[in-house]
Amino acid sequence: MNGRNIGIIARKEFSGLYAEKTILFAVLLQLFIAMFSSFLLVGLASMYDPETMAGYSTVEYAVGYAGEDSPLVAEFAKRDDLRLYRVDLAEGVAALKERKLAAVVYAPDTPPDAAEPVKLTLYLLQNDLQSSLINVKMKDVLLGYEAELREVRSDRLESFPVRLNFPEGIGGTDFFEFVYGLLIPLLVFMPAIISAALIIDLITEEYQRQTLETLLSTPVTFLEMIWGKILVCEVLIPLQAGIWLVLLAANGIAIDHAPEILLHVAAGGLGLILLGTLVALHYRERTSAQFVFSTALVVVVLFAMAVPYNPLNLIVRLSVDTAGAAHWVMLGIVLLATGLLAWATTAYARRVADLQQTGG
Amino acid sequence: MSHLSSVLTIAVWELKKSMTSMGRNVLPLAVGLLILLVLVTGFAAEQGIHLQDGMYRLGVDDPDVARIVAGDDRFTVFQDSAPGLWQNRYAYDVIVIGGEVYAADDGKGRSALKALERDYSGYVSWVATGQPDLFAAYPLWINMEYVQSELDFAATESGRQVGAPPRSASPPVPEGPVAAMTPPSSAVAFSPDDLRRHLATDTADTPFTRYTDILTADTGMETFKTPSQLSPPLPFDSIILIFVFIFPLYFTAQFFMMSIMNERLGRVGEALLSTPVRPGAILLGKSLPYLAIMLLIAAVITLMNGASLLILLPLFPVILFFMASALIIGMAARSFKELSFLSIFFSTLVTSYLFFPTVFANVHIVSIISPLTLVVLQLQGDGFTAAEYLYSTSLFFATSLVLFYAGVTNFTEERLFSQERLLPRLMEFVASGISASRPLLSLGLLAAFSVPFVFMVQMMCLVLFFNMPMPLSLILLIGASAFIEEFAKSIGLYALVRSRPGFLTVKNLVAGALLIALGFLVGEKVLLLATLSQITESVFGEILFLSLQVLWMPLLLHFAGVLIVALYLKIGGSRFWGVGLLTATMVHAAYNLYFMGGLL
Chain A
1 MNGRNIGIIA
11 RKEFSGLYAE
21 KTILFAVLLQ
31 LFIAMFSSFL
41 LVGLASMYDP
51 ETMAGYSTVE
61 YAVGYAGEDS
71 PLVAEFAKRD
81 DLRLYRVDLA
91 EGVAALKERK
101 LAAVVYAPDT
111 PPDAAEPVKL
121 TLYLLQNDLQ
131 SSLINVKMKD
141 VLLGYEAELR
151 EVRSDRLESF
161 PVRLNFPEGI
171 GGTDFFEFVY
181 GLLIPLLVFM
191 PAIISAALII
201 DLITEEYQRQ
211 TLETLLSTPV
221 TFLEMIWGKI
231 LVCEVLIPLQ
241 AGIWLVLLAA
251 NGIAIDHAPE
261 ILLHVAAGGL
271 GLILLGTLVA
281 LHYRERTSAQ
291 FVFSTALVVV
301 VLFAMAVPYN
311 PLNLIVRLSV
321 DTAGAAHWVM
331 LGIVLLATGL
341 LAWATTAYAR
351 RVADLQQTGG
Chain B
1 MSHLSSVLTI
11 AVWELKKSMT
21 SMGRNVLPLA
31 VGLLILLVLV
41 TGFAAEQGIH
51 LQDGMYRLGV
61 DDPDVARIVA
71 GDDRFTVFQD
81 SAPGLWQNRY
91 AYDVIVIGGE
101 VYAADDGKGR
111 SALKALERDY
121 SGYVSWVATG
131 QPDLFAAYPL
141 WINMEYVQSE
151 LDFAATESGR
161 QVGAPPRSAS
171 PPVPEGPVAA
181 MTPPSSAVAF
191 SPDDLRRHLA
201 TDTADTPFTR
211 YTDILTADTG
221 METFKTPSQL
231 SPPLPFDSII
241 LIFVFIFPLY
251 FTAQFFMMSI
261 MNERLGRVGE
271 ALLSTPVRPG
281 AILLGKSLPY
291 LAIMLLIAAV
301 ITLMNGASLL
311 ILLPLFPVIL
321 FFMASALIIG
331 MAARSFKELS
341 FLSIFFSTLV
351 TSYLFFPTVF
361 ANVHIVSIIS
371 PLTLVVLQLQ
381 GDGFTAAEYL
391 YSTSLFFATS
401 LVLFYAGVTN
411 FTEERLFSQE
421 RLLPRLMEFV
431 ASGISASRPL
441 LSLGLLAAFS
451 VPFVFMVQMM
461 CLVLFFNMPM
471 PLSLILLIGA
481 SAFIEEFAKS
491 IGLYALVRSR
501 PGFLTVKNLV
511 AGALLIALGF
521 LVGEKVLLLA
531 TLSQITESVF
541 GEILFLSLQV
551 LWMPLLLHFA
561 GVLIVALYLK
571 IGGSRFWGVG
581 LLTATMVHAA
591 YNLYFMGGLL
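Chains as they are written, first to last, in the UniProt record's numbering: chain A, 1 to 360; chain B, 1 to 600.
Extracted from the complex, chain A is given alone in its bound form (with noise of 0.2 Å):
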């Protein structure tokens, strides 16, 4: 193998990838399902969450209430965002189907110290935005009024749990454990993916395209062809997943040991790559391969990801700095793997070299 006709034909690979800007769509592709899934998690869930709401929604929901008083009333009244309504049910459930009342409590008439529980009745719209609020505001109030029954029914309990004293008014959010242990291992991990599917599209192009006789009539030979090909799609892995790091820090996201995250890519990417070439060179058809490939590719990642230490775990600890020194082993164990399928990839690719000889 000869490393100059791999540079040429990595950079031929790079600028075709660069005139057609199919590379801007990948970048785009990803923003896209990163920000997808941020508005799923943290959007959406800080909707959940009246106190961040509290910032979009001043408005105050009628609650009806029916049945038998109750101290449940007066938890309602320590609340300002709930007012309650006296209601006939019947009247209450219909004005809830107008949604005139945002939500209906039936309180039956069992009491505190009974030997059977005080069973509520909340009426809600179905499947809606504005229930899922209503639930979390009404939570609030039904645990209040929970550990008023519990105190009273107290002399009934035989063991208690460990008792823990949390600070009070620290309200963390989901959103540091959604960006650390979801967004950054997804967007770090996505040029990787993408990186082998692409490998798969240019390899199968070459044959059904039938421009291979031409790119092996000059000096270079198909291994150094194939090998030049992993070696731009292998480039723009650690390429893409450091602009994300930057990206991600631009915006204050601090993430420690990114030049070890890279690294981490870079070596689990190549495995990928790899056996996205194998698949290529098997079937030099680019529907087939694609289709064995994803579904080889979930196969692999749900494995990984089921072991303990898996790279995406190790990225993860990383950008919070927990890793320790484990991960070193980690990355020998992964690239020795990827070694082993490098080398099966060169004999490989010699073989269909040595079989396309001989056959034409």
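In short, the hints are calculated from the structure, not lab data.
Positions of the beta carbon are idealized from the N, C-alpha and C atoms, including for glycine.
It is possible that part of the hints are untrue.
Incomplete in silico selection of chain A near chain B, CB under 8 Å [what the hints assert, rightly or not]:
| no. | residue |
| --- | --- |
| 1 | R11 |
| 2 | A95 |
| 3 | L149 |
| 4 | L157 |
| 5 | N165 |
| 6 | A266 |
| 7 | R317 |
| 8 | V320 |
We have chain A; now place chain B onto it with these hints.
Chain B in isolation, oriented as in the chain A frame:
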């Protein structure tokens, strides 16, 4: 009759071709991979997903506290004496000394604290479940009854607030008839042991099971809860439907896309084009097998879930839409990599378009934009009416037809084998979709049909800007939505100017702008977007759909926007499109800002 037979011949031929090329080589490996997938899924279910392992460091002085987080892999637990913990407190995210919890004062510390709080409440529930007197530990149970809102189309259309907060002292009185109700009994229908078991499985609940639950039968216990179990019913459940119903369809569409692409490789399709069969018949024949397979797959999935086959009705236009866009992408992409990225990008967009409105399921008007909502309704057992079906699917039928039409008119040698760049190619596609004899009418229709796409992109912008600080997000949203609308309105004109430079006479310019403005407004009105502002409960909705309140003002605005772009096109040709767009966007945004003045 001869058309029909040639369609069938091509369909059979297509089926044979794809079966022989795919079947022999791929099937054995695909079966093997499928078995592997089942095995790995089992393995993953047993081992759990280890993504967030070891995110937080927890220091404790009591092994009993360590047991609280034993099942939570996010915590790495260190045990030390109280003074030792306090001395090294900066090495931990959370420490627990003598039952007091201290958290590091940063994002990670707060996040760890929240995770610990959740684990703790799970642990408290677990202890309570073990009590011999269950109803002393859980004295309060809530029976959830969900009722259907009976708001009809007309009510929302006339702008009535959804769930308006009354400020009066007396309770609201229903307008409609009140159905008699027997008060629910205070007796509990389940035995304490059943409830105990339910509580136990509930604490072991993973996010994954709640998604699989919606496809399994209801035991009745899901609606009977303790207050701490009252988690908001996330409206995301429908995303599982995307995975179940839409993904297989998307995969099959890929094969069709590839089949179209293959015709263009090495000019294979030339032979097909030289036959007397019309392009329309060729494409129909080529797409029939895939259409049939997709319908079959959807039917099998439906039956496997024990659902009614009526689900296929709303899925059909979605399938058509997938096919139509696969056709266009297969015809437009220059290389495999372009094909890959276009198709992934496109499918992500469509998936979110399908999924997004279902979040608002049952707040009818908006949610029904997505046919998937009808699937949700049908699965819930509520069904849907013919009017709802028409409302929800007509966009998909219409856009598919438009795309198919564009595909058929462009299925010529000139277009198929040209190596133009992507955007000029797409412009050619648009241009040949505009009728030569009635260009003005075509322009109006094009504008009307672009509205669903515009709506979708605007929704995406809302998503993008949602997390930004307030004034910035507003301004960005105003600018972006104005730009998108102006872009959609002027795209037809731009394509026309490129292909027929002499078209833009003054008369055509004014008439074209008027028709486009009219077409766009009608399209907007049909979608009834105004209702969305009431649902989101925020100022965001107001910006997007501001122009729907008074009719003649938005018409004038749309007209002015198109006119500006058209003038630029007339003066400077297609090169001035960008500048024209920018000017029109600024005018549009200024108008919106002016009307938003009260809100800012």
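Exercise for review: Hold the hint about R317(A) up to the distance rule: shortest CB distance to chain B must be less than 8 Å.
Suggested key: holds (5 Å)
**Study point:** Minimum beta-carbon distance criterion (8 Å), A266(A) to chain B
**Key:** For A266(A), the interface hint is violated, since the closest Cβ of chain B sits about 20 Å away, which is over 8 Å.
Exercise for review: Under 8 Å, Cβ to Cβ, is where A95(A) needs to be relative to chain B, so tell me if that hint holds or is violated.
Suggested key: holds (4 Å)
Point to revise | N165(A) as an interface hint toward chain B, with CB separation required under 8 Å | key: holds (5 Å)
Review point. For the hint on L157(A), does the least C-beta distance to chain B fall short of 8 Å?
Key: L157(A) check passes; min Cβ-Cβ to chain B is 5 Å, inside 8 Å.
Point to revise | R11(A) as chain B interface residue, shortest Cβ-Cβ below 8 Å | key: This interface hint is violated because 16 Å lies over the 8 Å limit.
Check your understanding: Holds or violated: is the Cβ of L149(A) closer than 8 Å to a Cβ in chain B?
Key -> holds (4 Å)
Check your understanding: Do the numbers back the hint for V320(A), that is, is its least Cβ distance to chain B under 8 Å?
Key -> holds (6 Å)
Of the numbered hints given earlier, the model fails hints 1, 6; all others are met.
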